[in-house]
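All chains, please: the whole structure from these sequences, using the hints.
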Amino acid sequence: MRKFLVVLDDSRECLNAMRFAALRAAKTGGGVQILSVIAPEEFNHWIGVGDLMREEARERIEAHFEVFAKWMRDRQGIDPELVIREGEAVPEILAQIREDSEIGVLVLGAGTDSKGPGPLVTQLTRGAGSLPIPVTIVPGGLSKERLEAVC
1 MRKFLVVLDD
11 SRECLNAMRF
21 AALRAAKTGG
31 GVQILSVIAP
41 EEFNHWIGVG
51 DLMREEARER
61 IEAHFEVFAK
71 WMRDRQGIDP
81 ELVIREGEAV
91 PEILAQIRED
101 SEIGVLVLGA
111 GTDSKGPGPL
121 VTQLTRGAGS
131 LPIPVTIVPG
141 GLSKERLEAV
151 C
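The sequence shown maps to residues 1 to 151 in UniProt numbering.
To be clear, the hints were calculated from the coordinates, so they are not data collected in a lab.
Among the clues, some could well be false.
Unchecked claim - In silico DSS-like links for lysine-lysine, alpha-carbon gap of 30 Å or less: (1) Lys-70 x Lys-144; (2) Lys-144 x Lys-3; (3) Lys-144 x Lys-27; (4) Lys-144 x Lys-115; (5) Lys-3 x Lys-27; (6) Lys-27 x Lys-70; (7) Lys-70 x Lys-3.
All values derive from a computational prediction rather than experimental measurement.
Next comes the structure, spelled out in structure tokens:
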């Protein structure tokens, strides 16, 4: 089965990337893997405090994931898989792609502000020619209706 890998973060454009991945997976008989990366600088505290913060971050991610997962199950019939990794975002995304041979497409949401499409899109598209899978970039400003029409 081909999986669409989508990154779960706090960006607004993440929503369109999630929608796109679920719609495409439903139409092509694929699956969705949702990856969330916890940055290491979040835990540069005493060991006990760092462990507590790590656990709280995981709980927030799981709660956020459940919102998307419920929508995907109810609306698209897709049961997404959650993967949580710790480290820097881009290296962890690339590691996940290397480690799971079923991932066929990386789906990223592009920001709409004047600063550019966002750090993930910027960093990953620089090396897009050497990636082992295609990257789909979903505009953050695309309406839900237009997104559904495209898929």
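Hint check:
1. A hinted pair counts as satisfied when its Cα atoms are at most 30 Å apart, and Lys-70 with Lys-144 qualifies at roughly 17 Å.
2. Annotation: proposed proximity of Lys-144 to Lys-3 holds, straight-line Cα distance about 22 Å (limit 30 Å).
3. Our distance criterion of 30 Å between C-alpha atoms is met by Lys-144 and Lys-27, whose separation comes to about 16 Å.
4. Straight-line distance between C-alpha atoms of Lys-144 and Lys-115 comes to about 23 Å, which keeps the hinted pair within the 30 Å bound.
5. Taking the CA atoms of Lys-3 and Lys-27, the gap is near 12 Å; set against the 30 Å cutoff, the hint holds.
6. Pair hint Lys-27 plus Lys-70 holds up; C-alpha atoms about 18 Å apart against a cutoff of 30 Å.
7. Using a Cα cut-off of 30 Å, the hinted pair Lys-70 and Lys-3 holds, with the two alpha carbons roughly 18 Å apart.
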